[in-house]
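Asker: What follows is the residue order along each chain.
There are 6 protein chains.
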Amino acid sequence: MAHVRLITPITTSGFRSEEELSSIAGSGLRLSLTQIEQGPASIESAYETAFSEPATILRIIEAERDGVDAVVIDCMADPGLAGAREAVSIPVLGPSQTSMHLASMLGHSFSVLTVLPRLRAQFETLAAVYGLKGKLASVRAVDIPVLELEDDIGATQAKLVSVAEAAIHEDGAHAIVFGCTGLMGCAAAVRTGLLERGIDIPVIDPIPTTLRLAGALVDSGLAHSKLTSPTPPDKAMPGYAGAPSRFSSGP
Amino acid sequence: MAHVRLITPITTSGFRSEEELSSIAGSGLRLSLTQIEQGPASIESAYETAFSEPATILRIIEAERDGVDAVVIDCMADPGLAGAREAVSIPVLGPSQTSMHLASMLGHSFSVLTVLPRLRAQFETLAAVYGLKGKLASVRAVDIPVLELEDDIGATQAKLVSVAEAAIHEDGAHAIVFGCTGLMGCAAAVRTGLLERGIDIPVIDPIPTTLRLAGALVDSGLAHSKLTSPTPPDKAMPGYAGAPSRFSSGP
Amino acid sequence: MAHVRLITPITTSGFRSEEELSSIAGSGLRLSLTQIEQGPASIESAYETAFSEPATILRIIEAERDGVDAVVIDCMADPGLAGAREAVSIPVLGPSQTSMHLASMLGHSFSVLTVLPRLRAQFETLAAVYGLKGKLASVRAVDIPVLELEDDIGATQAKLVSVAEAAIHEDGAHAIVFGCTGLMGCAAAVRTGLLERGIDIPVIDPIPTTLRLAGALVDSGLAHSKLTSPTPPDKAMPGYAGAPSRFSSGP
Amino acid sequence: MAHVRLITPITTSGFRSEEELSSIAGSGLRLSLTQIEQGPASIESAYETAFSEPATILRIIEAERDGVDAVVIDCMADPGLAGAREAVSIPVLGPSQTSMHLASMLGHSFSVLTVLPRLRAQFETLAAVYGLKGKLASVRAVDIPVLELEDDIGATQAKLVSVAEAAIHEDGAHAIVFGCTGLMGCAAAVRTGLLERGIDIPVIDPIPTTLRLAGALVDSGLAHSKLTSPTPPDKAMPGYAGAPSRFSSGP
Amino acid sequence: MAHVRLITPITTSGFRSEEELSSIAGSGLRLSLTQIEQGPASIESAYETAFSEPATILRIIEAERDGVDAVVIDCMADPGLAGAREAVSIPVLGPSQTSMHLASMLGHSFSVLTVLPRLRAQFETLAAVYGLKGKLASVRAVDIPVLELEDDIGATQAKLVSVAEAAIHEDGAHAIVFGCTGLMGCAAAVRTGLLERGIDIPVIDPIPTTLRLAGALVDSGLAHSKLTSPTPPDKAMPGYAGAPSRFSSGP
Amino acid sequence: MAHVRLITPITTSGFRSEEELSSIAGSGLRLSLTQIEQGPASIESAYETAFSEPATILRIIEAERDGVDAVVIDCMADPGLAGAREAVSIPVLGPSQTSMHLASMLGHSFSVLTVLPRLRAQFETLAAVYGLKGKLASVRAVDIPVLELEDDIGATQAKLVSVAEAAIHEDGAHAIVFGCTGLMGCAAAVRTGLLERGIDIPVIDPIPTTLRLAGALVDSGLAHSKLTSPTPPDKAMPGYAGAPSRFSSGP
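Residue numbers (numbering that gives the first Met the number 0), protein chains in the order written: chain L, 0 to 250; chain P, 0 to 250; chain X, 0 to 250; chain V, 0 to 250; chain H, 0 to 250; chain U, 0 to 250.
Calculated directly from the structure, the hints in this document are not laboratory data.
Quick caveat, the model's predicted, so the values are computed rather than measured.
Honestly, I wouldn't trust all of these hints.
Given that identical chains are not distinguished, each listed pair holds provided it fits within a single copy or across any two copies.
Said to hold, decoys possible - Think about it this way: if two alpha-carbon atoms lie no more than 30 Å apart in a straight line, the pair counts; the simulated DSSO-like pairs of lysine-lysine are:
| hint | residue 1 | residue 2 |
| --- | --- | --- |
| 1 | K225 | K132 |
| 2 | K158 | K225 |
| 3 | K158 | K132 |
Generate coordinates for the entire structure from the input sequences, incorporating the hints supplied.
Answerer: As structure tokens, this is what we get:
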């Protein structure tokens with residue numbers, strides 16, 4: 000049974016709970032959860048992504064030492080993905096990369112639905128890095144602040160449906176990816192809302208899907224390429240007490 | 000527990016056995032197997048792909064009627080993928096599309112290792128259709144006829160390792176995808192061979208990996224987009240007695 | 000004098016007539032016509048395309064045996080193009096591939112005008128396969144069912160003009176390609192309608208243009224590459240009595 | 000019967016003769032020939048291309064006034080193509096654009112065989128302008144000065160065959176385009192040489208093929224888009240006495 | 000102190016004045032100015048671009064002989080850029096190429112604001128040639144004739160601001176490049192107008208910026224590649240008395 | 000006079016000296032220098048890049064507070080570029096982005112010459128992010144450890160010349176960019192070495208060139224787009240005492 004750990008790369012406590020994960024775990028999948036203690040309260044910018052990465056990478060190194068089989072990063076900016084893959088051998092998955100590839104497999108094109116308009120360039124850049132720029136139809140934002148998303152969950156879901164419709168009719172989207180892990184749990188309602196409008200397309204909830212894909216990779220014995228992500232050289236890292244002094248194995 | 004069916008799109012009996020599948024099934028995954036009776040003995044060309052598709056699509060329609068949860072097509076040409084997705088609502092996965100996307104997630108670039116040099120254009124075209132042309136480093140062939148692949152399995156695996164090395168060193172491949180489902184079962188040996196040469200990269204065995212990914216999609220409630228793959232119109236199909244007379248549901 | 004055969008890949012009789020071809024034949028071009036008897040009544044989906052291909056390919060093999068100089072497939076999905084090119088040495092042209100390339104030569108960008116909105120993904124995928132995705136401005140549909148296209152030909156042509164205008168003004172199209180061979184014969188009226196609005200651009204009627212290009216290729220001694228389309232291996236094809244038992248020449 | 004004029008954009012007399020054209024003319028195609036008197040002796044650089052363009056464009060304007068139906072520019076740099084298309088309404092074809100598109104239709108990829116290595120960047124740039132960069136496998140040069148090409152025509156053709164083989168085996172070319180109109184007439188010998196080596200691919204001789212395609216366009220009533228190539232404004236042109244003082248028609 | 004010369008590639012006198020340049024020159028930058036006497040009165044088409052190039056190239060050769068350190072061409076069509084770079088060793092910069100690259104460095108995407116809608120295809124083609132097609136959000140035109148731009152400079156600037164806003168909100172532009180050197184001097188007003196609407200993005204005035212970049216290149220000892228732009232062969236150029244008889248140095 | 004600050008994003012003292020900068024400063028350019036105290040000793044991996052970014056961004060915020068006009072990051076991984084541009088309004092330039100754009104302006108294609116083969120994927124990814132993937136001919140490494148680069152500077156330069164030659168002849172490079180700021184100062188010798196072999200192309204030394212370009216941007220009043228790099232929200236940043244508590248100005 001694959002053990003996959005979700006690493007929340009922000010310092011706000013209570014953002015993610017074990018309860019949320021319990022419905023995802025199950026047949027063949029054991030889940031655990033941790034978060035960082037050094038870095039941003041939440042991630043809404045490249046600036047905050049940068050400050051999130053060191054502690055996130057250290058949590059992923061810790062997960063490998065704990066004997067975890069795979070790790071998923073709990074943020075659609077995929078913070079620390081490239082650096083962590085160098086530092087460990089177990090699979091490390093970002094929900095943004097994973098969701099974009101699954102959406103590309105299931106549809107001719109996809110749109111990302113996120114919270115803030117300022118994130119459009121970030122998602123277009125990630126799509127370019129992941130080689131999927133040609134599949135990204137658009138990035139659209141709902142006009143609701145993150146902290147108000149759950150104030151009126153019905154209104155949030157209704158807004159998601161109407162923005163998804165705009166992406167479909169105006170931008171040519173054939174699949175939807177949620178661009179904020181804070182929207183976790185809304186996929187079923189959005190899919191139902193679209194079906195009521197006669198639109199039958201996949202609505203990808205990144206975290207549950209990426210956790211399950213991580214399990215499938217573990218079962219298949221697959222991890223990231225060490226040619227793409229070679230082990231870092233051993234080197235001093237002043238100011239980061241938790242950073243490992245060496246990566247190379249040996250007596 | 001997800002029930003995934005593998006559809007072998009060729010008429011040669013005995014190509015694939017239930018025994019081969021038993022090691023893949025397990026935690027949360029139930030597998031079944033069928034094949035076509037009208038079409039080519041094997042698929043090594045676009046000509047044969049075309050003659051394989053009608054019967055393959057009909058087998059996939061049958062699978063949905065049988066209550067199967069998802070289908071995987073057992074050939075790296077992904078025959079019938081686009082047509083079958085229109086005809087059914089359950090997920091239909093091609094091993095070529097799935098493996099190329101997974102390789103793109105796990106590495107900066109990938110090469111396809113296949114049996115015949117004549118298949119290079121086919122894989123490059125599939126990569127273009129799937130939106131992954133920028134990730135495909137090369138297509139390389141081992142010089143062993145399909146029917147002789149198992150004559151000396153050690154020699155085949157040694158050849159695969161040396162061709163993989165050439166793809167890595169000369170073409171810049173960071174991951175390997177087997178380009179022939181006849182190579183199923185060789186991934187572990189090839190990965191070991193590369194590790195012995197100091198190369199630690201994913202070697203994707205398409206059928207087992209695609210079956211497991213199909214299970215993860217079923218668990219996530221995801222299927223292909225019906226905007227990309229809309230249900231076909233009801234229409235006469237002279238000469239294909241098994242073709243359904245109608246797709247639309249109704250009383 | 001080049002002899003080019005038009006192969007209609009649907010089983011509905013009377014869709015295409017010798018009379019329609021007579022105005023295209025002429026200086027240096029002899030035309031003949033045939034159609035399939037096994038497959039869909041018409042082609043409006045990938046599902047139907049798949050069921051059209053075996054019989055279409057066999058008709059193309061027959062054409063080569065009949066001494067025809069070149070073949071044009073009478074459908075904008077280009078059904079059977081890749082498979083047929085492997086099976087024969089005479090030029091085989093698809094109207095979609097040919098029209099998209101000519102439009103790309105004559106204008107900075109082009110739009111495809113078709114009948115059904117569901118075909119957008121198909122044409123975008125074909126453009127990707129043919130290497131012309133960067134030239135395709137849009138795919139737009141007139142809202143008239145195929146069987147009603149000729150009910151009020153004036154209304155159809157007026158609709159085509161207005162949809163062409165939208166493609167030009169909103170999508171930046173600089174040339175128009177008809178995306179349905181059922182629109183054959185409407186190009187002059189649409190071009191006139193656009194000229195009356197001050198827009199002087201090529202409107203490509205795919206079948207007549209592709210037939211003439213086939214003649215020019217025959218005169219130039221050119222055919223498709225057998226590296227791209229190598230001859231299929233000799234192999235059994237259960238369920239397709241008409242399939243050749245061998246492709247290789249010999250005593 | 001379409002009247003197509005070949006415009007030789009260099010000032011060296013005797014480069015092209017009516018006799019060369021006689022074998023191309025025939026069924027439905029009437030050919031004429033002219034050349035420029037102001038500009039370079041030959042074209043082997045962007046510098047010379049620039050000095051060739053004004054007189055070439057004026058010759059094309061003259062051709063339209065002479066009642067010619069279409070024009071082909073006799074140089075693989077396609078000098079004056081964009082400017083001339085603005086100035087006239089009859090089709091103007093460049094052999095480079097036309098040959099690259101035909102090669103892309105007939106093969107998965109193509110290589111350009113030219114005389115001088117310095118022309119590689121030029122052909123790659125033209126392929127980008129024409130939207131075909133993804134189809135260009137390589138540009139390769141034979142090491143024979145233009146003026147010595149005909150000294151030992153057998154040696155030239157043998158060299159072309161061996162360079163074509165290198166493009167096929169090392170660069171993945173599936174079709175060949177001659178990158179110098181001075182190689183006109185060598186296609187049959189090169190194709191034969193490749194067939195003797197078991198390679199059956201199209202070898203495109205740009206001028207004859209482009210002349211025939213121009214005829215097919217005239218027969219189809221097609222010309223370039225005036226949205227891409229709008230008529231120039233009427234304007235003074237000091238130093239070019241032959242330039243028209245107005246383009247707009249009027250009483 | 001770097002000496003950079005601005006070459007105005009049109010024959011209308013008084014288009015550009017020494018006074019305009021005086022505010023750009025200064026710390027480390029000396030500027031001079033010249034224009035052509037053979038060619039178009041202004042450049043608004045590919046036709047006029049072609050007639051501008053010979054004299055422009057000869058002026059650039061003259062500049063190198065005069066001991067100038069670098070040259071900037073004073074037109075957003077970059078006329079003569081490729082040909083002149085072959086003919087000289089000092090840096091030759093086009094404002095279109097330079098501005099598009101700087102805009103790509105400073106923003107996720109950029110739009111070109113020009114005078115005439117007919118120039119859209121030209122700028123999209125230039126972006127393709129310069130390798131920046133993926134960064135170009137749109138080309139938009141103000142509806143004011145060039146000769147009327149300065150009639151009501153306030154109205155022109157207001158129109159530029161509103162068209163820039165449309166490019167930002169509808170096309171996703173993150174930076175603005177002026178597409179006409181006749182707009183020189185308007186950047187500050189347009190940037191201020193956008194700031195008043197809360198939009199803080201770079202507005203690139205191509206000529207001043209390109210002149211300063213030319214100075215930075217001279218200070219860095221950099222010029223264009225002679226592999227991309229090899230010296231032309233010595234050759235007769237009938238009809239262009241000013242063309243050099245030889246490029247190669249020597250006794 | 001523009002004041003540009005070079006920020007060295009590693010904790011090893013003495014890597015960069017004021018003396019090195021004195022030859023670059025001069026006409027119109029004032030330079031200053033600082034480095035980080037929290038982070039990696041050097042940067043040779045994505046892992047180290049991640050640990051370098053927080054302190055580098057804080058140094059850039061400090062530079063703006065100090066009244067500096069522009070900042071250049073002293074590492075070819077461009078660490079902190081995206082995050083810092085959000086946090087400040089003064090221009091922030093990365094040498095990798097700047098050099099790749101300049102190389103693309105000066106040549107048809109460019110190669111990056113770096114120290115370690117493991118960095119190939121990093122540079123290809125950066126080129127994709129910067130929109131220049133189509134211009135990157137290759138990434139090649141000299142086989143000399145960073146700390147031994149200066150042991151035998153003549154040998155290092157000779158190796159650079161021979162690797163540059165391989166990039167030119169085998170990969171088609173038309174310009175060279177140094178892929179390690181530790182190679183600063185070697186450009187003149189490499190250019191001379193290539194000229195001795197008859198190859199006249201730009202060899203870009205990223206730091207001096209980027210510092211001069213930063214000066215030109217300051218003189219032009221240009222900075223990065225705040226639509227691409229919007230100001231971060233005010234937010235707590237536990238564990239980073241130096242992070243600003245607010246970005247928004249106000250009383």
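Asker: Each hint should be assessed against the structure and marked as holding or not.
Answerer: Hint check:
no.: 1; hint: K225 x K132; in the structure: both (24 Å within a copy, 22 Å between copies)
no.: 2; hint: K158 x K225; in the structure: between (42 Å within a copy, 22 Å between copies)
no.: 3; hint: K158 x K132; in the structure: within (26 Å within a copy, 33 Å between copies)
Taken one by one, the earlier hints all hold for this structure without exception.
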